[in-house]
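Peer 1: Given next are the chains, with one letter for each unit.
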Amino acid sequence: MNQREEWDDSELLRSMLTGDEDALVVLYRRRQAAIYRFAYQMSGCVSLAEDVTQEVFLFLMRDGQLFDPRRGSLSSFLLGVARNYVLRRLRSDHLLSPLSEDVASDEQVKEASPLDDLTRAESIESVRKAVLSLPERYREVVVLCELQEMSYAEAADVLECAIGTVRSRLHRARALLLNKLQPVRAEPTAAEVKSERCFA
Amino acid sequence: MNCQKFEDVVGDLARGQMMETYLRSTALSHLDDCVRCSQRLRDEQALLRGLHVLSLQMTTISAASEVETRLREAMRAGLVPPPALAKAHPRRAYWLAVAAAVVVLIGAIVAASWQWQSKGNESAPAQSAVTDESPTSNQPNKQAIVRNVETPKTAKPVVRRSRSTVATRRNPRAGETVANHASEIATDFIPLGNINSTTLQDGGTIVRVELPRSALVRFGLPVNMDRVDEKVKADVWMGVDGLAHAIRFVQ
Numbered sequence: 001m002n003q004r005e006e007w008d009d010s011e012l013l014r015s016m017l018t019g020d021e022d023a024l025v026v027l028y029r030r031r032q033a034a035i036y037r038f039a040y041q042m043s044g045c046v047s048l049a050e051d052v053t054q055e056v057f058l059f060l061m062r063d064g065q066l067f068d069p070r071r072g073s074l075s076s077f078l079l080g081v082a083r084n085y086v087l088r089r090l091r092s093d094h095l096l097s098p099l100s101e102d103v104a105s106d107e108q109v110k111e112a113s114p115l116d117d118l119t120r121a122e123s124i125e126s127v128r129k130a131v132l133s134l135p136e137r138y139r140e141v142v143v144l145c146e147l148q149e150m151s152y153a154e155a156a157d158v159l160e161c162a163i164g165t166v167r168s169r170l171h172r173a174r175a176l177l178l179n180k181l182q183p184v185r186a187e188p189t190a191a192e193v194k195s196e197r198c199f200a
Numbered sequence: 001m002n003c004q005k006f007e008d009v010v011g012d013l014a015r016g017q018m019m020e021t022y023l024r025s026t027a028l029s030h031l032d033d034c035v036r037c038s039q040r041l042r043d044e045q046a047l048l049r050g051l052h053v054l055s056l057q058m059t060t061i062s063a064a065s066e067v068e069t070r071l072r073e074a075m076r077a078g079l080v081p082p083p084a085l086a087k088a089h090p091r092r093a094y095w096l097a098v099a100a101a102v103v104v105l106i107g108a109i110v111a112a113s114w115q116w117q118s119k120g121n122e123s124a125p126a127q128s129a130v131t132d133e134s135p136t137s138n139q140p141n142k143q144a145i146v147r148n149v150e151t152p153k154t155a156k157p158v159v160r161r162s163r164s165t166v167a168t169r170r171n172p173r174a175g176e177t178v179a180n181h182a183s184e185i186a187t188d189f190i191p192l193g194n195i196n197s198t199t200l201q202d203g204g205t206i207v208r209v210e211l212p213r214s215a216l217v218r219f220g221l222p223v224n225m226d227r228v229d230e231k232v233k234a235d236v237w238m239g240v241d242g243l244a245h246a247i248r249f250v251q
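Sequence order for the protein chains is A and Y.
Take the first sequence: its letters are residues 1 to 200, numbered as in the numbering used here.
Take the second sequence: its letters are residues 1 to 251, numbered as in the numbering used here.
Be aware that one or more of the hints could be misleading.
If you want a taste of the chain A side facing chain Y, the calculated C-beta under 8 Å gives, among others [as the list claims (entries may be wrong)]:
hint, residue
1, 24
2, 41
3, 54
4, 58
5, 182
Take a look, some chain A residues computed to stay more than 12 Å from chain Y by CB distance [to be verified]:
hint, residue
6, 11
7, 136
8, 162
Just so you know, these hints were derived from the structure itself, not from any lab.
Model, not experiment: these values are computed from the prediction.
Glycine included, each C-beta is placed from N, C-alpha and C at the ideal position.
Chain A on its own, in the form it takes in the complex:
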């Protein structure tokens, strides 16, 4: 087992596909947390996240030969598989019905803004709920780039799309999150409107 912990993912996968249980354990312990977190952050559901994690590794045991190291890392490959499972489960189970991006969120905080004090637990919970309420295509980029702190290139690899697509979706996702999190600011009256709005 100790020796296997020094192996890279491809070596562990090859060994696992030959029936090496220790290789499976090492690989699982190395990669399961990211997959579990991704599934949990996408769904907000512990049982779904565990199911997806298990399914991903069962898939790897069954179809691991589909992984091509020339096309990306095993981590990205597994997250791509996890994404497929998560989206499939979300669509079939209707666990979440994301709010339309064009409709004002019901979860908008009417009084104090969670953005004002993000050290409070309830504010963090508001952020988590706001992320979960995003449409899937925006939620997944937020989870990958902001919560998993992956680079745009890595996220594009997982999502199988262009880096520019990741950037634009992330930009839109942040705007949606702000819209959900910030309080509804009162529109300024005509008297309050000053010439400070810039047109330069």
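We have chain A; now place chain Y onto it with these hints.
Peer 2: For chain Y alone, kept in the frame of chain A given last:
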């Protein structure tokens, strides 16, 4: 810089990412003049902090140990369920579907062009009566051009545009032959002597020959007396017995 351009860079600015010095300085100077953009940047920074805190809170979570236990048991028992969802499969299925669609499209185009060509041959004013090929026509004749075999269907010595549509449809290569002889007009086959259905079924070879124009008279065909000295082309249908069984004249 205006508010719209600031919106493009506010994300990078909030993250403190590297950006052009000029762009950064103009964005920051814009903040001095625009309250809304200042608030926008503060909100963006607050959101990033919130997401970062949320990310930190979740760094320690992981799947329950039962998942690992179940996976180990599945590996020991070889209990790997059938494929439910594979990352590579949708792409493979997609390309298979595309390939199938291309094959169907090509088939449709070929069929349409074939049908169009057949109709074109049917309506062509000058078309020859070249016919389909018989697998028994293996008797080469060096003195004449060997043509395809056609079963004479009528004995009427009437000059008319021949029908080769059926033959063309049956054999694509006949279309090429028709094209080569598009300028030819041929009579129907005129029987030479007695032929029966058995003889017709035996197949044979068509041999192109040239005859004196006076030979037309023998078969009841009109002769242009101005060209009486010229030869006339004819296709003679040679049976497998080596005898000429039918003839048609070609112009």
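Peer 1: Does the closest beta carbon of chain Y sit nearer than 8 Å to the beta carbon of residue 41 (chain A)?
Peer 2: holds (7 Å)
Peer 1: Was the hint right that residue 182 (chain A) lines chain Y, CB cutoff 8 Å?
Peer 2: holds (6 Å)
Peer 1: Please check whether residue 54 (chain A) passes as an interface residue: C-beta within 8 Å of a C-beta belonging to chain Y.
Peer 2: holds (5 Å)
Peer 1: Beyond 12 Å from chain Y, beta-carbon-wise, is residue 162 (chain A)?
Peer 2: Correct as stated: the minimum Cβ-Cβ distance to chain Y is 16 Å, above 12 Å.
Peer 1: Against chain Y, is residue 58 (chain A) within 8 Å by beta-carbon distance?
Peer 2: holds (6 Å)
Peer 1: Using Cβ atoms only, decide whether residue 24 (chain A) comes closer than 8 Å to chain Y, and label the hint accordingly.
Peer 2: Holds, about 6 Å.
Peer 1: Quick check for students: does the CB of residue 136 (chain A) sit more than 12 Å from each CB in chain Y?
Peer 2: Holds, because the least Cβ-Cβ distance between residue 136 (chain A) and chain Y comes to about 16 Å, which exceeds 12 Å.
Peer 1: Is the Cβ of residue 11 (chain A) farther than 12 Å from every Cβ of chain Y?
Peer 2: Non-interface label stands for residue 11 (chain A): nearest chain Y Cβ at 17 Å, farther than 12 Å.
The structure meets every hint from the earlier list without exception.
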